[in-house]
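J.: So the chains spell out like this:
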Amino acid sequence: MPLDRRTFLKGSAAVAGAVAGTALPVIDRPVRAGRDYDVAKSLPVDRVVRTTCSPNCTGSCGQLAFVRDGIIVKIQQAADYPDTVYNPRGCMKGLSYINHIYGEDRIMTPLIRTGERGSGEFREATWDEVLDRVASEFRRIGEAYGWDSIHVFGQVPGSGYIQKGANYRASALLGMTHGTSFDFNGDLPMGMPITFGVQNSDHEAKDWANSRFLLVVGANPVETRIPDVHFLFDAVERGARMVVIDPVFSGTASKADAHIRIRPGTDAALGLALVHQILVDGLADLDFMRTYTDASLLVRTDTGRRLRQADLLGDDAEDRFVVWDEAARAPITIGTEKLGMPPGVVAALDGTFEVTLHDGTQVTVTPGFALVRAEVGRWTPEAAEAVTEIPAETIVRLARAYASEKPAAIFMGGGAFHWYHGDLVGRAFGLLATITGNIGRSGGGFSVYVGQYKVRVIVAPWWNPGGRKLKVVPSIYFLRGRTETMHPAVPYPEAGFKALFCSFSNMFIQSPDINRLHETLRELEFIVVADNQMTDTVAWADVVLPATTWYEKLDLTATPLHPFLQLQQAAIPPVGESRSELEMWREIVRRIDPGLAAEYFDVTEDDAIRMILEAGADPGGPTEGITLEQLREGPVRLNVPDPDIPFLRQIRDLEPFPPRSLPASLEATAAFLPTRRIEFYKEEDRFRELGETVPTYRDAYDDRVHDPAEWPFVLLSSHSKWRIHSTYSNNPWLAEIHGGRATVLIHPADAAERGIGEGDPIEMFNTRGSLVALAQLSDAARPGTATLAEGWWTRYFRSGKGVNELTSSVVNPIHEVHFVPNMWAPSTGWKDCRVQIRRAPEGVS
Amino acid sequence: MSATTIPAGAIRARLTARRPLVLWIGFLVLVMAAGGAAFLYQYANGLVVTGMRNTVMWGQYILFFMFFVGLSAGGLIVASAGRLFGVRLFKPITRLAVLAATVAVLLAAIFILPDLGRPERLLHIFLYPNFTSPMIWDIMIVIAYMAMSAFYVWLYVRADLARRGSWLAFGTGTSARALAREERLKSAMAWVALPAAILLHSITAWIFGLQISRGFWYSGIMAPMFITSALVSGLALVILLALVMRRLGRLRFGDELVAFLGGLLGIFIAVLFFLTAAEFLTAAYPGAPKAAAFERLLVGIYAPLFWFEVAIGLGVPFVILAIRPLRLNPVWVAAAAAIAILGIFVHRLNLILNGLSYATIQYPPGVSVGVDQGLGSSFALSHWYIPTAVEWLVVAGVLAFGALVFTVSVLILPMQEPADH
Amino acid sequence: MSEPKVSPIDALPAASRSYGEIGPRSASPHWGMVVDQERCIGCWSCAVICKSENDVPLGTWWNRILTQGDELDQPMEVRGGALEMDWMPLACQHCENAPCVKVCPVGATYYRDDGLVMQDNDRCIGCRYCMIACPYGVRTFNWGEPVRPTPHSTGMIEVRPVGTVEKCTMCVHRLAEDQVPSCVWSCPTGARVFGDLNDPASRVNELIREREGYELLKEAGTKPSVHYLPPRRKNEL
Ligand SMILES: Nc1nc2c(c(=O)[nH]1)N[C@H]1C(S)=C(S)[C@@H](COP(=O)(O)OP(=O)(O)OC[C@H]3O[C@@H](n4cnc5c(=O)[nH]c(N)nc54)[C@H](O)[C@@H]3O)O[C@H]1N2
Ligand SMILES: Nc1nc2c(c(=O)[nH]1)N[C@H]1C(S)=C(S)[C@@H](COP(=O)(O)OP(=O)(O)OC[C@H]3O[C@@H](n4cnc5c(=O)[nH]c(N)nc54)[C@H](O)[C@@H]3O)O[C@H]1N2
Ligand code: SF4
Ligand code: SF4
Ligand code: SF4
Ligand code: SF4
Ligand code: SF4
Ligand SMILES: [Mo]
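Those protein sequence lines, which keep their order, are chains C, B and A.
By this note's numbering, the letter at position 600 of the first sequence is numbered 600, and the numbering carries on one by one without gaps.
By this note's numbering, the letter at position 386 of the second sequence is numbered 386, and the numbering carries on one by one without gaps.
By this note's numbering, the letter at position 98 of the third sequence is numbered 98, and the numbering carries on one by one without gaps.
For the record, the hints were derived by calculation from the structure and aren't laboratory data.
Only a predicted model underlies this, so the values are computations on that prediction, with no experimental measurement involved.
Even for Gly, the Cβ is constructed at its ideal location relative to N, Cα and C.
There's no promise every hint is true.
As the list claims (entries may be wrong) - For lysine-lysine, the following BS3-like pairs were computed, each having C-alpha atoms within a straight-line distance of at most 30 Å: (1) A:LYS102 - A:LYS223; (2) A:LYS102 - C:LYS41; (3) A:LYS223 - C:LYS41; (4) A:LYS234 - C:LYS41; (5) C:LYS338 - C:LYS406; (6) A:LYS234 - A:LYS218; (7) C:LYS406 - A:LYS234; (8) A:LYS102 - A:LYS218; (9) B:LYS186 - B:LYS91.
Said to hold, decoys possible - Simulated restraints on C-beta separations: (10) C:GLU633 - A:ARG209: 38 to 44 Å; (11) A:ASN235 - C:ALA749: 46 to 52 Å; (12) C:THR767 - B:GLY374: 35 to 41 Å; (13) B:GLY374 - C:GLU629: 33 to 39 Å; (14) B:ILE212 - C:SER119: 58 to 64 Å; (15) B:GLY374 - C:GLU758: 17 to 23 Å; (16) B:PRO387 - C:THR126: 50 to 56 Å.
Could you build the full structure based on these sequences and the hints that come with them?
T.: Below, the structure written as structure tokens:
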């Protein structure tokens with residue numbers, strides 16, 4: 001270390017500073033600069049460790065940790081993907097994580113609350129003290145109210161099967177209820193299970209480059225898919241056109257050939273109008289509809305349910321459906337074991353027919369598609385213009401452009417379906433992609449990359465020890481209690497919730513409707529939070545467990561965006577007294593039930609990873625031929641087709657829908673599609689009660705709660721380029737760029753109306769809550785929309801807890817028709833939210 | 001003679017007579033001490049303690065450097081002009097003028113020091129000079145100019161010193177031969193001094209004028225501008241000092257000289273006006289690359305400063321000096337001179353601030369400020385430079401040092417040119 | 001702690017190392033960079049890794065991303081009322097005719113044979129004349145002791161002394177081990193390409209030719225070694 005000027009000054013020579021000049025250059029040596037550069041090399045390190053960046057992000061980017069004297073001195077992308085088009089991945093956030101490993105907000109020791117909940121007043125404690133405390137409280141509560149009254153909440157398991165899995169393992173062993181993330185995060189695009197019977201559908205990112213037309217709907221890949229967005233540019237370089245549908249001029253809009261400004265929450269109407277125009281232009285691929293969808297299956301006009309063979313023959317073939325053969329002018333029954341039509345059958349897609357049931361009654365039937373077409377028929381470009389505020393002729397041009405390019409990809413983001421009626425958006429665009437035959441095609445498809453949800457390996461042996469079933473309760477019910485329409489299969493605790501164990505989440509500001517959530521929290525007898533940063537959630541904990549970062553522990557990760565299985569590997573020993581989640585749970589469970597611990601928690605991360613790899617190792621299994629040793633060296637491609645495209649087997653081999661969605665069983669999700677085909681007609685009662693049997697459009701839900709006349713702004717809480725949710729909010733390097741203050745983007749006209757100037761503190765409020773942030777005025781905003789990116793910690797607001805004081809936690813009963821956690825469950829409508837804005841009253845500013 | 005023979009009262013009287021001087025010197029020493037301390041503090045903590053940042057990376061110190069280079073102009077002009085054009089009128093104030101020039105350029109040189117991030121590396125300038133750098137040219141010429149003026153001063157007072165038998169005469173005598181050599185040297189000096197002065201100001205101008213990166217500065221007119229503004233401030237300084245010295249009874253000369261100098265000053269100011277106008281016509285011409293900077297000056301945030309410079313700093317003195325009766329009144333001339341000096345100072349201030357305070361590429365978020373901003377962006381498109389207390393103290397210290405040198409000099413050196421013999 | 005130290009380049013996994021190799025070059029290379037504004041998404045990964053690689057203190061950035069718009073990441077209105085936004089990453093252009101080199105009184109900033117403009121922080125006297133001279137505003141001064149978010153120094157080169165000027169070095173310490181600059185490595189969209197401008201066949205020259213590469217502030221006559229590729233013309237719906 002070169003002697004610095006101060007020390008030099010102390011060294012007497014002070015006064016003679018200038019005089020001593022000649023002698024001084026010596027003091028800076030060895031200088032790493034100047035002439036030395038001609039020979040200079042990087043400073044040496046102890047070692048370089050290959051690991052994976054794993055916030056609750058879809059990136060899952062391989063990183064190298066450069067360690068010097070036991071300290072990480074640089075984090076940089078590994079750029080070692082065998083499929084080199086994926087290199088280097090990464091983003092500025094991952095590259096600056098070093099500031100969180102060693103930053104001011106890092107939690108170094110276990111803490112026990114001393115002040116009020118939320119006051120953030122804690123005292124340091126020993127691990128033994130906090131572990132005993134957690135164990136005894138859990139035992140007390142478990143025995144008093146039942147173990148299921150303890151709710152374990154953790155985020156997106158896909159980014160850490162082992163450590164996040166430890167939450168599941170412990171829950172399964174002790175009978176605690178585990179929460180959900182994909183649906184709770186609103187990332188579950190309910191249109192997917194409803195239409196395709198799957199949790200989600202996504203082409204691996206590199207396949208975007210094979211597209212001829214990119215329709216980006218409510219996604220902002222330039223800011224939220226930073227490692228992969230270049231694949232869109234690759235396609236563009238090869239001549240593809242890119243159209244972005246977004247109310248706001250987003251970073252992605254700046255790259256698009258055309259940016260179409262839509263009125264928020266109306267994408268379903270746009271989707272239907274596009275289909276309408278395609279049908280009008282005769283560009284629809286109706287054979288594709290016959291082959292793969294329920295289009296030709298007959299529906300009884302009396303009951304609104306599908307006509308089944310059982311209806312005709314009185315047998316018990318509830319799973320054989322009926323089409324009208326134009327050739328034979330007669331109904332033909334078809335099974336669900338295979339897609340397509342029996343040879344020679346020309347299935348009708350239109351018209352009404354009379355059939356006689358086994359009991360002799362006559363009923364009128366019509367192909368499902370006739371009902372779909374009837375609804376689509378209402379959505380002329382003009383009708384859509386009235387709702388979406390997109391000029392009709394723009395819609396017509398878009399329809400023709402999309403339908404005339406093959407393959408054409410639809411890339412949908414949270415903005416489009418983070419709405420109460422987001423399922424209808426998904427159904428409309430699912431129809432668009434299918435009716436143009438883009439499903440199961442490289443470069444085509446209907447993809448959603450929202451949330452790091454994807455479980456791509458067989459986790460059962462680790463998550464369900466000894467085959468124990470997990471009790472999973474969608475966390476929305478934890479937040480707001482059970483709904484009348486809640487699915488009976490939801491294991492809601494008898495006694496309600498009494499305790500919470502929150503890990504891997506800044507739940508108390510990232511959840512919707514947090515003022516309501518905080519009511520719930522007040523009722524809880526015990527709150528434990530495990531985190532490595534002093535977040536707003538930690539501030540509410542009774543007991544805080546200091547967690548290691550992903551640079552200090554071993555884990556197994558994957559993502560929807562690329563098909564590589566990777567390890568998080570410890571580059572340094574745990575900082576401070578922090579511990580891994582596996583270690584935490586091992587100790588907690590041991591204190592509650594030593595027997596269980598000895599049997600199920602006496603395992604290392606290595607063991608856990610091996611369990612998972614082996615479980616998927618059988619021929620065709622996801623981890624076939626993958627070993628831990630390989631993974632230590634770098635990323636290994638899962639055993640998936642290349643390129644990895646959903647529905648290949650269905651489209652190519654006419655296998656019935658749906659493909660399996662891990663970790664659920666096929667049976668569980670197959671129930672979503674009684675016809676085992678892509679379904680645009682839903683016959684379940686609630687769809688009929690709510691008039692949503694076919695894709696349609698509904699006004700935003702919050703318009704009913706907040707009359708648009710009185711609450712003129714739609715609040716879009718998009719995801720910020722500068723953060724992963726709330727992670728990185730407190731990153732000094734990034735704050736130097738964006739300024740480190742919560743800002744609300746509004747249109748200058750809206751601002752002028754309210755006498756709001758650039759940078760003024762403004763109050764944003766509705767019946768659920770209010771906050772004060774700084775105004776940012778730009779034409780990028782759409783009049784009547786305000787954007788306050790989610791994720792700011794409370795401390796970055798002038799007042800209020802955060803954006804989620806304003807958002808809604810209302811549940812759409814359609815999401816409760818079936819229940820498979822994270823696959824068919826209540827999905828949060830973040831953007832379905834109205835507010836009013838005014839200059840902040842003096843005092844707060 | 002021995003002390004006892006002096007009446008005690010006389011001694012006391014003498015001391016009391018000198019008290020103002022003692023106080024004055026004490027005061028200067030005090031200010032110097034403060035300045036020195038401030039400088040050490042700055043040296044220990046780095047220039048972060050100044051108001052400068054990556055956006056405005058030159059401030060007070062360079063400003064005073066330029067300003068004092070300018071002030072040094074007066075002396076040699078008066079001296080050499082006196083000789084070359086035989087303006088005998090100047091004679092009584094010649095010594096004062098050259099002394100003032102010497103002290104001014106000395107201070108200019110000193111002001112470079114606190115501006116350096118590594119003052120202790122000053123010697124690098126001589127160890128590794130890079131001759132493509134205007135700054136090197138400038139440092140060379142400043143040193144040369146300093147030596148020259150010092151020698152010039154000595155040349156003028158040498159004879160009297162010799163007569164007093166002071167060692168400062170360095171053994172030179174007052175023989176006719178010696179005096180003749182002195183005369184020859186003086187004439188020779190006059191010939192070098194004038195071009196030297198011109199060069200000094202031109203080069204100082206080029207430090208700024210050659211920077212294509214700074215539209216506001218990048219101009220051929222910079223040198224003439226500097227010369228004229230130097231003439232204005234330099235002459236004004238001489239006038240002021242002369243009148244002060246006369247007030248203190250240390251110098252004798254008639255009002256006609258004052259009027260003459262005043263007239264001269266008026267002319268210089270007029271020329272400066274002309275150049276400024278000329279420059280603005282070309283540069284502020286709509287669409288010209290520099291237009292933005294000039295707009296800031298004419299109507300933008302710098303307008304107050306600029307119009308102060310033009311209207312008050314130069315306009316008022318010009319008017320005063322243009323009106324004959326006022327010109328004949330030393331008090332008015334003194335006032336005009338003082339205001340003119342202020343005017344030139346503001347002129348320099350505008351040059352620096354307007355030249356620097358806006359990033360060269362005006363795209364957000366701008367250039368990195370260079371200092372941790374705590375919470376908040378660390379980039380800026382513009383910067384409003386305000387000198388800190390440290391900078392003021394350092395400047396005050398240097399000024400005090402200059403005043404001290406001047407005071408001591410006039411105490412030990414005979415300032416009054418003997419009436420021709 | 002006790003572990004023997006190794007070069008971070010030698011310690012790279014094989015695949016990573018080959019990813020970063022500079023590749024073919026002429027006998028006497030002139031290093032240069034191409035920045036593709038069509039691909040640039042203004043993510044600042046290049047700027048952040050620069051900070052990390054070079055232990056650049058808080059408040060100081062050698063590399064930054066300008067928004068060609070109204071404010072950071074906000075578009076501007078263009079003719080016809082349409083909105084447009086582009087990003088312009090900006091670091092030292094390593095000018096062939098560098099004003100900073102010309103004006104440095106002590107030659108503390110100088111040319112290397114391979115076209116790089118270097119900074120000698122041992123010789124620099126901190127006069128900041130080079131900052132005045134640089135038309136790109138990429139030089140930055142060490143006003144005070146370095147402040148970092150971490151309790152210890154980071155990065156791959158030692159921090160520069162207070163009172164001297166610093167700037168992008170083109171990661172010369174990486175070039176010495178045949179690795180591309182860190183910002184080139186870390187750009188997630190491949191918007192930054194590094195190579196030999198003296199080699200007509202090099203990728204950089206190829207791109208400059210095919211994509212009509214341009215120089216920033218060409219009129220200043222600085223002859224930058226960094227070239228920009230303009231954003232493409234959009235083809236309407
Ligand atoms: N940098 C960064 N990247 C991330 C994340 C992050 O927090 N930060 N989070 C990750 C996760 S978990 C998720 S879920 C994804 C989410 O990322 P995205 O899927 O991109 O979702 P959002 O950012 O919420 O919204 C995207 C765009 O939708 C627009 N939008 C809003 N309402 C509407 C609408 O009604 N219709 C249409 N067509 N557009 C609308 C918004 O203006 C915004 O530009 O990002 C992932 N990647
Ligand atoms: N208004 C609004 N709200 C939203 C959204 C929106 O669009 N609008 N988006 C929603 C979406 S899509 C999502 S995915 C959620 C995400 O919501 P969260 O996942 O809760 O948000 P994060 O800030 O990513 O929280 C991750 C936390 O885990 C901590 N952490 C990191 N590593 C570890 C570790 O190794 N161990 C432990 N124990 N903790 C660790 C981090 O410090 C951080 O506090 O936000 C939702 N919230
Ligand atoms: S934050 Fe997300 S995108 Fe950025 S490096 Fe980490 S995983 Fe990749
Ligand atoms: S990393 Fe690449 S894409 Fe990101 S700002 Fe830098 S150049 Fe642009
Ligand atoms: S960009 Fe500026 S610093 Fe870099 S070489 Fe050119 S002039 Fe010098
Ligand atoms: S600051 Fe240093 S590098 Fe810049 S000109 Fe002065 S001495 Fe040269
Ligand atoms: S080349 Fe190196 S020093 Fe220069 S900007 Fe890139 S990372 Fe920074
Ligand atoms: Mo998400």
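J.: Determine whether the Cβ-Cβ distance between B:GLY374 and C:GLU758 falls within the hinted range of 17 to 23 Å.
T.: The hinted range 17 to 23 Å holds for B:GLY374 and C:GLU758, with Cβ atoms some 21 Å apart.
J.: Is it true that the CA of A:LYS102 sits at most 30 Å from the CA of C:LYS41?
T.: Measuring from Cα to Cα gives roughly 27 Å; hence the hint holds.
J.: Against the 30 Å threshold, does the CA-CA distance of A:LYS102 and A:LYS218 hold or violate the hint?
T.: Given pair A:LYS102, A:LYS218 holds - Cα atoms ~18 Å apart, limit 30 Å.
J.: With a cut-off of 30 Å on the C-alpha distance, tell me whether A:LYS223 and C:LYS41 pass.
T.: holds (27 Å)
J.: Hey, A:LYS102 versus A:LYS223, does the alpha-carbon distance stay inside 30 Å?
T.: holds (14 Å)
J.: Against the range 38 to 44 Å, how does the distance between the Cβ atoms of C:GLU633 and A:ARG209 compare: consistent or not?
T.: Check passed, 40 Å falls within 38 to 44 Å.
J.: Given the hint of 50 to 56 Å, is the C-beta distance from B:PRO387 to C:THR126 inside that range or not?
T.: holds (54 Å)
J.: Between B:ILE212 and C:SER119, is the Cβ distance one that fits in 58 to 64 Å?
T.: holds (59 Å)
J.: Given the hint of 46 to 52 Å, check if A:ASN235 and C:ALA749 actually sit that far apart at their C-beta atoms.
T.: violated (30 Å)
J.: Taking 30 Å as the top limit, are the C-alpha atoms of C:LYS406 and A:LYS234 close enough?
T.: holds (20 Å)
J.: Given the hint that A:LYS234 pairs with A:LYS218, does the C-alpha gap stay at or below 30 Å?
T.: The given pair, whose Cα atoms are some 25 Å apart, holds under the 30 Å limit.
J.: Look at the Cβ atoms of C:THR767 and B:GLY374 and judge whether their distance stays inside 35 to 41 Å.
T.: holds (37 Å)
Violated hints, in rising order: 4, 11, 13; the structure is consistent with all others.
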